[in-house]
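*Asks:* For the sequence shown, the working numbering puts the final residue at 826, and the numbers step up evenly by one.
The list that follows gives simulated cross-link-like pairs (lysine-lysine, BS3-like), each with its CA atoms no further than 27 Å apart: (1) K304 - K646; (2) K488 - K517; (3) K565 - K667; (4) K656 - K669; (5) K561 - K669; (6) K479 - K449; (7) K451 - K479; (8) K669 - K646; (9) K556 - K667; (10) K451 - K275; (11) K270 - K451; (12) K556 - K517; (13) K508 - K565; (14) K297 - K653; (15) K240 - K449; (16) K508 - K556; (17) K517 - K561; (18) K656 - K300; (19) K795 - K730; (20) K449 - K713; (21) K806 - K730; (22) K741 - K669.
I should point out that these hints are in silico values taken from the structure, not numbers from a laboratory.
Model, not experiment: these values are computed from the prediction.
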Amino acid sequence: MEKGLAVSPGISIGVAYCILEIFVNPDRKRLEKHEVQKELARYEQARERTAVDLAALQSKVEKQIGKNEGAIFAVHQTILRDPAFTNKVRHWIVEEHLTASAALHRLMEQYTEVFSKTGDEYLQERLNDIRDVVVRLSAYLSDVLNDAEESGLSGPLIVVADELLPSQAVALGEADVRGIVTQAGSQTSHAALIARSRGIPAVSGVTGILRKVKTGDTVVVNGSEGIVSINPEPEELAAYRKLEREFFHLKDQLAANRHHPAVTRDGTPLKLLANINNVKDVEAAEAMGAAGVGLYRTEYLYLTHENVPDEDEQYEVYKEILQKTPHKYVTIRTLDIGGDKTVAYLGHNHNEANPFMGWRSIRLSFEHPEFFLSQLRAIMRCAAELPEGIEGEVNMLFPMITNVEEMRKANHLVRKAEKSLDERGVPRGKVKVGMMLEVPAAAVCIHHLLELVDFVSIGSNDLVQYLTAADRDNPKVSGLCQPLSPAVVMTLKNVIEACNQANKPVTLCGEMAGQPRAFLLLLGMGLRSFSMSPAFIPTIKELAILTTIEHAERVVQKVIDMKTTNQVKRFLRMELEAISPELARLDTE
Numbered sequence: 238m239e240k241g242l243a244v245s246p247g248i249s250i251g252v253a254y255c256i257l258e259i260f261v262n263p264d265r266k267r268l269e270k271h272e273v274q275k276e277l278a279r280y281e282q283a284r285e286r287t288a289v290d291l292a293a294l295q296s297k298v299e300k301q302i303g304k305n306e307g308a309i310f311a312v313h314q315t316i317l318r319d320p321a322f323t324n325k326v327r328h329w330i331v332e333e334h335l336t337a338s339a340a341l342h343r344l345m346e347q348y349t350e351v352f353s354k355t356g357d358e359y360l361q362e363r364l365n366d367i368r369d370v371v372v373r374l375s376a377y378l379s380d381v382l383n384d385a386e387e388s389g390l391s392g393p394l395i396v397v398a399d400e401l402l403p404s405q406a407v408a409l410g411e412a413d414v415r416g417i418v419t420q421a422g423s424q425t426s427h428a429a430l431i432a433r434s435r436g437i438p439a440v441s442g443v444t445g446i447l448r449k450v451k452t453g454d455t456v457v458v459n460g461s462e463g464i465v466s467i468n469p470e471p472e473e474l475a476a477y478r479k480l481e482r483e484f485f486h487l488k489d490q491l492a493a494n495r496h497h498p499a500v501t502r503d504g505t506p507l508k509l510l511a512n513i514n515n516v517k518d519v520e521a522a523e524a525m526g527a528a529g530v531g532l533y534r535t536e537y538l539y540l541t542h543e544n545v546p547d548e549d550e551q552y553e554v555y556k557e558i559l560q561k562t563p564h565k566y567v568t569i570r571t572l573d574i575g576g577d578k579t580v581a582y583l584g585h586n587h588n589e590a591n592p593f594m595g596w597r598s599i600r601l602s603f604e605h606p607e608f609f610l611s612q613l614r615a616i617m618r619c620a621a622e623l624p625e626g627i628e629g630e631v632n633m634l635f636p637m638i639t640n641v642e643e644m645r646k647a648n649h650l651v652r653k654a655e656k657s658l659d660e661r662g663v664p665r666g667k668v669k670v671g672m673m674l675e676v677p678a679a680a681v682c683i684h685h686l687l688e689l690v691d692f693v694s695i696g697s698n699d700l701v702q703y704l705t706a707a708d709r710d711n712p713k714v715s716g717l718c719q720p721l722s723p724a725v726v727m728t729l730k731n732v733i734e735a736c737n738q739a740n741k742p743v744t745l746c747g748e749m750a751g752q753p754r755a756f757l758l759l760l761g762m763g764l765r766s767f768s769m770s771p772a773f774i775p776t777i778k779e780l781a782i783l784t785t786i787e788h789a790e791r792v793v794q795k796v797i798d799m800k801t802t803n804q805v806k807r808f809l810r811m812e813l814e815a816i817s818p819e820l821a822r823l824d825t826e
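Work the whole structure out from these sequences, hints included.
*Replies:* Take a look at the structure:
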């Protein structure tokens with residue numbers, strides 16, 4: 238039995254499918270003599286396809302962003318054509334019968350060893366360039382979905398990986414995935430977000446899991462307690478199957494409330510919205526009874542796009558999202574790249590000492606104004622598609638706003654985008670402008686910022702780690718990164734009260750919004766709009782029906798006087814169990 242972080246509640250049982258990343262656990266099998274030529278051909282085909290991709294990327298980035306930004310792909314093409322690079326890979330395939338993936342892994346290890354002996358920043362950047370080329374080649378050598386199909390696995394799958402990348406998540410889109418287990422990650426990692434959007438159990442941060450489980454093993458994922466069991470004994474497996482049936486039965490019961498209004502027991506209306514990454518998530522949002530989309534993370538469009546999405550491509554995607562969104566209410570967050578999500582064509586690399594607090598998000602967008610303006614124009618064009626007579630909304634949300642100067646700059650670019658569309662004679666719709674509150678400096682000065690925005694969305698995931706100065710993905714300090722810590726509670730209370738006093742709509746769109754214990758607290762603070770993974774909407778809707786505003790306010794008054802995170806968590810757990818023991822089972826530890 239392995240222990241990790243509980244990131245998406247519930248119990249699931251399935252057959253393990255291990256995604257063995259080139260940098261984590263490469264294929265160690267040796268080729269048979271008759272397989273060598275076929276493997277060489279696979280490698281050469283991957284090189285050709287990578288070369289085409291890099292040339293197209295360079296051309297498109299140079300046109301849309303600038304020659305300097307496109308130059309990185311010229312460097313990558315030079316690496317790909319370098320005889321020293323590719324001759325080593327060919328040699329190991331032919332002489333040592335390594336797979337192409339294993340040969341690339343060995344090559345990467347060699348370069349890393351050589352480059353690690355120098356502190357030269359330029360050489361360190363070249364190592365990152367080599368790594369990017371190797372990753373591109375590896376993507377063509379391994380098709381996640383086809384590999385799963387060709388493995389002959391039947392029945393529900395439990396995906397086991399180091400971390401689940403956006404591109405891998407897309408590839409697994411149609412597979413029968415019932416659970417996710419990762420070695421790395423946290424409650425807000427890609428894998429956690431994907432699992433919650435699908436409503437499937439997940440556990441992250443399970444150290445060494447890829448060394449302990451192999452494809453085909455029976456795996457139990459307990460996403461409520463953060464436990465993973467590999468090939469359990471028949472008695473244990475039978476007990477887990479009973480819990481799994483109960484979990485699915487409870488989910489089905491809750492999903493039946495999808496058409497009911499979201500109101501508290503004393504009749505206070507709430508707005509329960511969905512966080513989405515793509516069109517498929519919008520369909521899940523409607524199925525779960527969402528009142529609209531409270532957060533569309535546009536970065537996943539960039540991360541999964543084969544090159545750079547231009548204004549027209551973005552407009553088409555945003556329009557499709559709007560058309561399928563319940564009640565035509567959608568909040569589109571502008572590009573939030575950086576931290577653990579990077580794209581090479583914006584000149585973004587992995588060399589920052591602290592990328593989560595560095596050149597990312599709105600800061601990066603300001604650095605590339607023309608690129609940024611194309612996204613703003615696409616959102617405004619999407620707003621023109623709102624059907625007449627329908628009370629829909631298209632909102633534009635700016636991430637990681639820190640101060641008044643940044644918000645003024647964002648508003649200036651909005652006006653510039655409007656003027657550009659008007660000069661081109663392109664229809665645009667009315668768009669409300671908001672800020673994502675996730676930087677403590679913005680929380681402290683919220684009153685000044687409220688004068689410049691139409692609404693506020695609280696991004697609790699980043700706000701918590703910035704307030705606690707604890708990297709949520711670092712297992713050594715992630716225990717400090719607690720959304721129910723007294724400091725976070727006080728900050729949220731102050732921000733929500735300030736927004737309500739200024740009559741500015743406020744939504745919380747971090748993972749707290751879908752956590753039953755946190756819901757009681759947020760409701761008592763005066764929050765009436767929540768945006769969460771679609772799968773959690775029925776749970777929160779049911780909890781609202783069982784709760785009164787007066788009760789939630791009493792909960793807040795008691796929590797405010799508590800001095801430790803454990804006190805807050807224990808108290809809220811007891812309150813939740815008193816309201817509904819069944820719903821308490823759908824909370825994570």
